[in-house]
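4 protein chains.
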Amino acid sequence: MPIPMPNLYPPFNIVRLSHVEFIVTDLARSRAFYADTLGLQVVAEEGERIYLRAMEERGHHCVILRQGPKAEISMLALKLYSEEDLDKAWDWLCEQGLPVEWVERPHQGRTLRTRDPSGMPLEFYFQMERLPPIHQKYALYHGVKPLRIDHFNCFSTDVDASVEFYNRIGFRVTEYTEDDESGRLWAAWMHRKGGVHDIAFTNGRGPRLHHTAFWVPTPLNIIDLLDLMSTTGYLANIERGPGRHGISNAFFLYILDPDGHRIEIYCSDYQTVDPDLEPIKWDLKDPQRQTLWGAPAPRSWFEHGSVFTGARVEDPLLKAQPIIAP
Amino acid sequence: MPIPMPNLYPPFNIVRLSHVEFIVTDLARSRAFYADTLGLQVVAEEGERIYLRAMEERGHHCVILRQGPKAEISMLALKLYSEEDLDKAWDWLCEQGLPVEWVERPHQGRTLRTRDPSGMPLEFYFQMERLPPIHQKYALYHGVKPLRIDHFNCFSTDVDASVEFYNRIGFRVTEYTEDDESGRLWAAWMHRKGGVHDIAFTNGRGPRLHHTAFWVPTPLNIIDLLDLMSTTGYLANIERGPGRHGISNAFFLYILDPDGHRIEIYCSDYQTVDPDLEPIKWDLKDPQRQTLWGAPAPRSWFEHGSVFTGARVEDPLLKAQPIIAP
Amino acid sequence: MPIPMPNLYPPFNIVRLSHVEFIVTDLARSRAFYADTLGLQVVAEEGERIYLRAMEERGHHCVILRQGPKAEISMLALKLYSEEDLDKAWDWLCEQGLPVEWVERPHQGRTLRTRDPSGMPLEFYFQMERLPPIHQKYALYHGVKPLRIDHFNCFSTDVDASVEFYNRIGFRVTEYTEDDESGRLWAAWMHRKGGVHDIAFTNGRGPRLHHTAFWVPTPLNIIDLLDLMSTTGYLANIERGPGRHGISNAFFLYILDPDGHRIEIYCSDYQTVDPDLEPIKWDLKDPQRQTLWGAPAPRSWFEHGSVFTGARVEDPLLKAQPIIAP
Amino acid sequence: MPIPMPNLYPPFNIVRLSHVEFIVTDLARSRAFYADTLGLQVVAEEGERIYLRAMEERGHHCVILRQGPKAEISMLALKLYSEEDLDKAWDWLCEQGLPVEWVERPHQGRTLRTRDPSGMPLEFYFQMERLPPIHQKYALYHGVKPLRIDHFNCFSTDVDASVEFYNRIGFRVTEYTEDDESGRLWAAWMHRKGGVHDIAFTNGRGPRLHHTAFWVPTPLNIIDLLDLMSTTGYLANIERGPGRHGISNAFFLYILDPDGHRIEIYCSDYQTVDPDLEPIKWDLKDPQRQTLWGAPAPRSWFEHGSVFTGARVEDPLLKAQPIIAP
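Chains as they are written, first to last, in UniProt numbering: chain A, 1 to 326; chain B, 1 to 326; chain C, 1 to 326; chain D, 1 to 326.
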């Protein structure tokens, strides 16, 4: 299937990805990872939840760590443009026969919970508690100096279907990988906020969360994090990288949190605000699409992911194999 | 006057700043500066015009150098979201009593020329010839490795009035400097594309163009450019920097082209897509607003600018003085 | 006077500069500056003394902070190649009629205290307490990430005489500034350890210590320090930079400690181990010798320095004026 | 065997490694690699030889490319401290029963050719044609911006014996890997010029040259080279990295030239001038010794090397196996 034409006038206006809730099995251990090692700022610790934000963010949180019996993702959240967009979203999702409910979320205004057609839990809101800027409080910067949440990447059993749905709500494809034999999409990168992606989909057992990415200033911050993790007991949490992606052209590192939730540290992709920006197509057999410098990703990178609360995981439609590190 | 509430539903949809035409008095000399030294890519050389683009851009040009009898700026151009937005812009500008005309511009579709209330020439278009990506043709990168045009900064005789007009067409203020005595704006930074600004206004004799900025990957590229310029005959073209701005938090360098058009090399500001992002206020007496590290800007930086073709330059309303380097 | 031929077989073997003792008037305040802000590691706190080392050093200290009634420098210390070199130094210094005494220094072996002909207090030793490496304990890195002490720079009333003396004990000139009218040296950079300098001399009221420099990994660490100092109450301690020196080609920043002792943060000069390396000559009237990018140094940089304990400060022989920032 | 005590008073004074002659099978192809891609400067092209230097070097050459029928290394060259040291070297080598001859080398003074006990061809000289500095000619910098030759790394069949020999001529061990079972050295890093090494030895079929390393300013230059090589036809020439070594703490990349001669791009090791610097011991079973971040080296890295002209290659004494990337 070809990728669809961008939908320039979607039914409601999504500004950007906003936050994720990681269910973790040891809150103190996860706090040490996200706050002490990565350098996210602890904004609030309330019972079983810790709220974190990155250095240039003024919304209350981009990550919620919640203590739970097993590692899961309870939802991915997206910020809308206005309160009216919340009502438009409610109406449109109802029309599509998708589940909708208003949920209470601390530090946020009205919040609409739904699931996408694959069963992935999404939450939309417009208003979140605003915090004073800290991006010039340089004494607070440490770890990898995370500036902002950048994107989600999800395993999908049917990337064509995922792209079709997210395209309808206004996400635009910037790059994609096609399996030439079947003509089906292997992966696609889709954005709202003007970077290469707010969300991406990769063929695999799904729905599952592949990773959550944070933007950092330069590749040197990623090297600093590698030096730090490899000398403070996190050596085994380094999964892949550092490297330059072919797709997105970003400099990257993949690491695993103590529960196995995958985090990408990411910088230097490109601006995509033009509505007529042509998507870039990559061949599934081209190893430079994974790493411009040629090194294929390890097997775990194609297989391991985080389960979403209440979503049944199924096998993908597409059986093609990517190139895997020997 | 307080800064106005953001206009979230403007009469037409501007995507971003797009390009500028520099009238230059020696085309070969300017080509050496922009292409050989800064590292912009020459896309076309057509008679008296040279078209340039930066490394991650796919539109045909972000800078036009045009041979002329004296150094001027013939227009600032902005990209709209669709062809329909061009017609909406025509109608709205007519309602405001502003001049409108369709002009022919090589490599572009329909182009609407107007002037803002201060007399500054603006051109709107949606469609521009698209070029294949070169952002991964690393052999082409050189000079300061410019990735994209980032913003314009203009002298305005009445910054309150400029902010009011650009706010009406959808630009949102991210940061501003106020003169506490008069309560008037000294300067304001306004965006469409999700960075700190597409356009900024500073109190001064106007309308004039203060500078055009290009985004580069890291501060080290700016250091590379300083090393290069200072050993290839461009020492006197270095005006201010390098430094970190208080406003925008960006790392910067200001240089002058051979005709005195000012260029800023710029990186690492922050994302501003949230419609409810609170503007940051700075005091005119705070030298850290200019340079976070304390060094005030030189006098030339407050006085020198490029004239717009056909626009009469007048004195500013506000007579307050910024802090100037001794 | 021309600079002398290098003395390839000096009377005793100096390995490198080693450490400095800063007399400070508020030990806690200086600790906050050197340890918390610059990032030197506190090795020991013993009564009125704090011992610090940089990240890649294995000797016990490169800086001693000592509480005292007024800000001074009690000595500059140099490491010799062997215990035998200490005895050779004693003999040679006696022959020159210079004062010699064995002094007790905690954490060091035999230590020989003398004064150079200008009265500057020097201490020589071979053996210092050795510490386990910490250069791969990345959790300890912070501030500007200082790796090692790099050099001393001293005001001298007679740079020709200083060069003549240090040349005799094996220091080799790498770069120098000459006053063309008088034919006298304005400044000279001299090394033992294979960089541009272990010690430099600049014309001025002397003997006084102009600055002590620390080596850091990259220019980005210097930018990090500027961001940190300018947002943690040290804005007024930033004196000059950042910039690229013409002389030495190093990237630099000058800051003042709470007592006014000047510190240079320095990186990326070049290797000078060849005994036949030709010194590079600079003209006193060339502003690029100070900063390759053209900005002259401020007046304070030519006038302010730290007094040595027990050394009388006198006016320089050479009255020529360098270029000073307006 | 334990590593020997440093020999602080060697029979002749070696300043540093100096240069290497690569026999290459297609001179134009090698020129494109070393000059156009890596960024070494072509100093002279004389018949079948091309002479290259790095940006901060003032000696005439650090690399000679020589056209030949098969890829080999004709010699490794070392710079002595004086002409007298050449005569002392001649005498000492004769005493050891090693071959000596005076050879004519263009652009050099008297040159002494010998072989170490393993058969590796070495050449000693003091005087080489000196060239004007180019380290501030920033327009010449390109590719990876190589600043200087840094070290040789050689396969040795008996690392204990190699260390013993080079220790006698003044090289000092900075780090080493021991095989705990046999008590034999697996690898050792030895220096003269004050960095981690001028030459290193690794257990393997030998004598062969494992690699030649060049020093670059920062890790970002290495990332630039990876981007360049992977988009200009050199993808298959990337062998290992980028990464941080455990041993030496340097940031590294290994690439292969068109004939398979291995080049390391290297930066940020540490200063080792102290004669009493304690060597650091690593365990052969510790993967962090290869890469601090945990990734083992590929098999080719342990097996592939360049043969020396006229030296018979033999199997190593030590049969232990390092950790190899799966």
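Hint data in this document are derived by calculation from the structure and do not stem from the laboratory.
Keep in mind the model is a prediction, meaning the values are calculated, not measured.
Mixed in with the good hints, there may be bad ones.
Copies of the same chain are indistinguishable here, so a pair counts whether it falls within one copy or spans any two.
[Said to hold, decoys possible] Capping the alpha-carbon separation at 20 Å, the derived lysine to any residue pairs in SDA-like fashion look like this: (1) Lys-193 x Gly-170; (2) Lys-137 x Gly-294; (3) Lys-193 x Ser-82; (4) Lys-281 x Glu-84; (5) Lys-193 x Val-15; (6) Lys-285 x Arg-58; (7) Lys-281 x Gln-271; (8) Lys-137 x Gln-271; (9) Lys-281 x Pro-298; (10) Lys-88 x Asn-237; (11) Lys-137 x Pro-2; (12) Lys-137 x Asn-237; (13) Lys-137 x Ala-35; (14) Lys-137 x Arg-49; (15) Lys-137 x Trp-282; (16) Lys-281 x Gly-260; (17) Lys-193 x Glu-303; (18) Lys-88 x Met-5; (19) Lys-281 x Met-5.
Each hint tested on the structure:
Both within a single protomer and between protomers do Lys-193 and Gly-170 lie at most 20 Å apart by alpha-carbon distance, with minima of 11 Å and 16 Å respectively. Taking the closest pair of Cα atoms, Lys-137 and Gly-294 come within 20 Å of each other only across two copies (16 Å); inside a single copy the shortest separation is 39 Å, beyond that limit. Taking the shortest Cα distances, Lys-193 and Ser-82 sit within 20 Å of each other both inside one copy (15 Å) and across copies (18 Å). Taking the shortest alpha-carbon separations for Lys-281 and Glu-84, neither the intra-copy value of 36 Å nor the inter-copy value of 29 Å comes in at or below 20 Å.
Proximity of Lys-193 and Val-15 under a CA criterion of 20 Å is satisfied in both settings, with 6 Å inside one chain copy and 12 Å between copies. For the homomeric pair Lys-285 and Arg-58, neither the shortest alpha-carbon distance inside one copy (41 Å) nor that between copies (26 Å) is at most 20 Å. With identical chains, the CA atoms of Lys-281 and Gln-271 are at most 20 Å apart within one copy only, with a shortest distance of 17 Å there and 27 Å across copies. With identical chains, the CA atoms of Lys-137 and Gln-271 are at most 20 Å apart between copies only, with a shortest distance of 17 Å across copies and 27 Å within one.
Taking the closest pair of Cα atoms, Lys-281 and Pro-298 never come within 20 Å of each other, the shortest separation being 22 Å inside a single copy and 31 Å across copies. Proximity of Lys-88 to Asn-237 under the C-alpha cut-off of 20 Å is found in neither arrangement, the shortest distances being 42 Å within a copy and 54 Å between copies. In this assembly of identical chains, the alpha carbons of Lys-137 and Pro-2 never lie at most 20 Å apart, being 47 Å within a copy and 26 Å across copies at closest. Only between protomers do Lys-137 and Asn-237 lie at most 20 Å apart by alpha-carbon distance; the minimum there is 18 Å, versus 29 Å within a single protomer.
For the homomeric pair Lys-137 and Ala-35, the shortest alpha-carbon distances inside one copy (16 Å) and between copies (19 Å) are both at most 20 Å. In this assembly of identical chains, Lys-137 and Arg-49 lie within 20 Å of each other by CA distance neither inside one copy nor across copies; the values are 25 Å within and 31 Å between. With identical chains, the CA atoms of Lys-137 and Trp-282 are at most 20 Å apart between copies only, with a shortest distance of 16 Å across copies and 41 Å within one. In this homomeric assembly, Lys-281 and Gly-260 never come within 20 Å of each other (Cα to Cα): the closest approach is 31 Å inside a single copy and 33 Å across copies.
In the homo-oligomer, the alpha carbons of Lys-193 and Glu-303 never lie at most 20 Å apart, since the shortest distance is 28 Å inside one protomer and 36 Å across protomers. For a Cα distance limit of 20 Å, the shortest separation of Lys-88 from Met-5 qualifies neither inside one copy, at 22 Å, nor across copies, at 23 Å. Taking the shortest Cα distances, Lys-281 and Met-5 sit within 20 Å of each other inside one copy (14 Å), while across copies they are farther apart (41 Å).
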